[in-house]
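*Asks:* Fit chain B to the supplied structure of chain A, relying on the hints for placement.
There are 2 protein chains.
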Amino acid sequence: MSVQKSAAPGKTHPDATRRSERSRRAIYDAALTLVGEVGYPKTTIEAIAARAGVGKQTIYRWWSSKADVLLEAFLDLGEQAAQAAGQESHAIPDTGDLAADLKAVLRATVDELRDPKFEAPSRALAAEGVVNEELGRVFVTKLLEPSLQLYVDRLRSAQEAGDIRPDVDPRIALELFVSPLAQRWLQHTAPFSYDYTDTLVDYALYGLAPR
Amino acid sequence: MSVQKSAAPGKTHPDATRRSERSRRAIYDAALTLVGEVGYPKTTIEAIAARAGVGKQTIYRWWSSKADVLLEAFLDLGEQAAQAAGQESHAIPDTGDLAADLKAVLRATVDELRDPKFEAPSRALAAEGVVNEELGRVFVTKLLEPSLQLYVDRLRSAQEAGDIRPDVDPRIALELFVSPLAQRWLQHTAPFSYDYTDTLVDYALYGLAPR
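Each protein sequence line maps, in turn, to chains A and B. If you count by the numbering used here, then the first sequence holds residues 1362 to 1572, one letter each, in order. If you count by the numbering used here, then the second sequence holds residues 1362 to 1572, one letter each, in order.
Chain A extracted, bound-state conformation (with noise of 0.2 angstroms):
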């Protein structure tokens, strides 16, 4: 997987770079749109170009598959969501308050997940991992694992501080309140809301049995 941004031409010219850029933006919404209307099989380099008004080698230059585009396509996306939030860092707050850090960064999530221009297009390739394991593996890897590490750091500074036990391991210990509203969303088994990620911190950290 080969990724040139910086093989761009035009870089040591104003114009030709922001034509660049404008021509970059446009694979980009267009992929995305792409794979939220048709799903990913259909979503093909000669659909993405038409759809962008740029030529498929233009694509091509900069990217070797659309596995890759829509992978760039997805992490601009969420700079994108993280700009607009007024986040400088994707780390996850420490307030001192481990219960008020998750519950702030699922609620966070919780957002995002009913964001329309992120729905259709997460879900069709979301679809598309479930069934094509090398896919989404790559889009695991460069997508989703990222985040969860997030996540493990702020465990283990909890885990420094006392407040998690020093035999969890922290990359497990995040799905008992990643996973279940990753499960509701995927698969529409239950709704979600504010409430139901407050209490899977609460279960997750005090546990179901008494204490």
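Incorrect hints may have been included.
Said to hold, decoys possible - Keeping only pairs whose Cα atoms sit at most 27 angstroms apart, straight-line, the calculated DSS-like set for lysine-lysine is:
| no. | chain 1 | residue 1 | chain 2 | residue 2 |
| --- | --- | --- | --- | --- |
| 1 | B | 1403 | B | 1417 |
| 2 | A | 1403 | A | 1417 |
| 3 | A | 1503 | A | 1403 |
| 4 | A | 1403 | B | 1427 |
| 5 | B | 1417 | B | 1427 |
| 6 | B | 1503 | B | 1427 |
| 7 | B | 1403 | A | 1427 |
| 8 | B | 1478 | B | 1417 |
| 9 | B | 1503 | A | 1403 |
Unchecked claim - Ranges between beta-carbon positions, derived for each pair:
| no. | chain 1 | residue 1 | chain 2 | residue 2 | range |
| --- | --- | --- | --- | --- | --- |
| 10 | A | 1498 | B | 1376 | 28 to 36 angstroms |
| 11 | A | 1473 | B | 1411 | 41 to 49 angstroms |
| 12 | A | 1508 | B | 1416 | 49 to 57 angstroms |
| 13 | B | 1425 | A | 1508 | 39 to 47 angstroms |
| 14 | A | 1498 | B | 1402 | 22 to 30 angstroms |
| 15 | A | 1571 | B | 1403 | 48 to 56 angstroms |
| 16 | B | 1440 | A | 1441 | 42 to 50 angstroms |
| 17 | B | 1507 | A | 1481 | 24 to 32 angstroms |
| 18 | B | 1508 | A | 1380 | 49 to 57 angstroms |
| 19 | B | 1458 | A | 1476 | 43 to 51 angstroms |
| 20 | A | 1528 | B | 1403 | 27 to 35 angstroms |
| 21 | A | 1551 | B | 1444 | 23 to 31 angstroms |
Keep in mind that the hints were calculated from the coordinates and are not lab data. These figures come from a predicted structure and were not determined experimentally. All C-beta atoms, glycine included, are put in the ideal place defined by N, C-alpha and C.
*Replies:* Just chain B now, kept in the frame of chain A:
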């Protein structure tokens, strides 16, 4: 959705009943194989009929849609798996040791998720449910939710025994160990094992915070 097995012809004559039973099983097998091979959208009644070696009208006489056929084929697969495992009842055992009971049923689920007969059709259907909310909801209501209710029942009896806090909502609580396994399976986020599901149960029951 009308499921009309009771209207199947020949219920009164043993030979006709055997022929009906053979056809029904051939139709289930064809439906499950096809959806695993070509996905839900391309699994048509025509293709199921051709593969099962029956006329299209035979299928339409008993089921009103391909979703109906697949739903019953999955219910039948579950019945067969339960019989093969020698389970008389679907209830989660109550030995008085909640952690052991939950670990046992999750280990059985790990085995089931790895069964090739089950994997391809389940993935195809789960993938379709991600992007097709109506189908997703029908399959959740008819297939997934009844098995989740078995956890609700077990957790309620644990509440009566004082092993689960009285204020815990069992329908949310079960997601702390069911959803992580579901997400690893659905999204290929990480491998899973008996050790992993055992750990989920321990974390969920006793919590991540020190006691």
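*Asks:* Decide, hint by hint, whether the structure agrees.
*Replies:* Hint check:
no., hint, verdict
1, B:1403 - B:1417, "holds (16 angstroms)"
2, A:1403 - A:1417, "holds (16 angstroms)"
3, A:1503 - A:1403, "holds (22 angstroms)"
4, A:1403 - B:1427, "holds (23 angstroms)"
5, B:1417 - B:1427, "holds (11 angstroms)"
6, B:1503 - B:1427, "holds (15 angstroms)"
7, B:1403 - A:1427, "holds (23 angstroms)"
8, B:1478 - B:1417, "holds (25 angstroms)"
9, B:1503 - A:1403, "violated (30 angstroms)"
10, A:1498 - B:1376: 28 to 36 angstroms, "violated (51 angstroms)"
11, A:1473 - B:1411: 41 to 49 angstroms, "holds (44 angstroms)"
12, A:1508 - B:1416: 49 to 57 angstroms, "holds (52 angstroms)"
13, B:1425 - A:1508: 39 to 47 angstroms, "holds (43 angstroms)"
14, A:1498 - B:1402: 22 to 30 angstroms, "holds (23 angstroms)"
15, A:1571 - B:1403: 48 to 56 angstroms, "holds (52 angstroms)"
16, B:1440 - A:1441: 42 to 50 angstroms, "holds (49 angstroms)"
17, B:1507 - A:1481: 24 to 32 angstroms, "holds (30 angstroms)"
18, B:1508 - A:1380: 49 to 57 angstroms, "holds (55 angstroms)"
19, B:1458 - A:1476: 43 to 51 angstroms, "holds (44 angstroms)"
20, A:1528 - B:1403: 27 to 35 angstroms, "violated (49 angstroms)"
21, A:1551 - B:1444: 23 to 31 angstroms, "holds (30 angstroms)"
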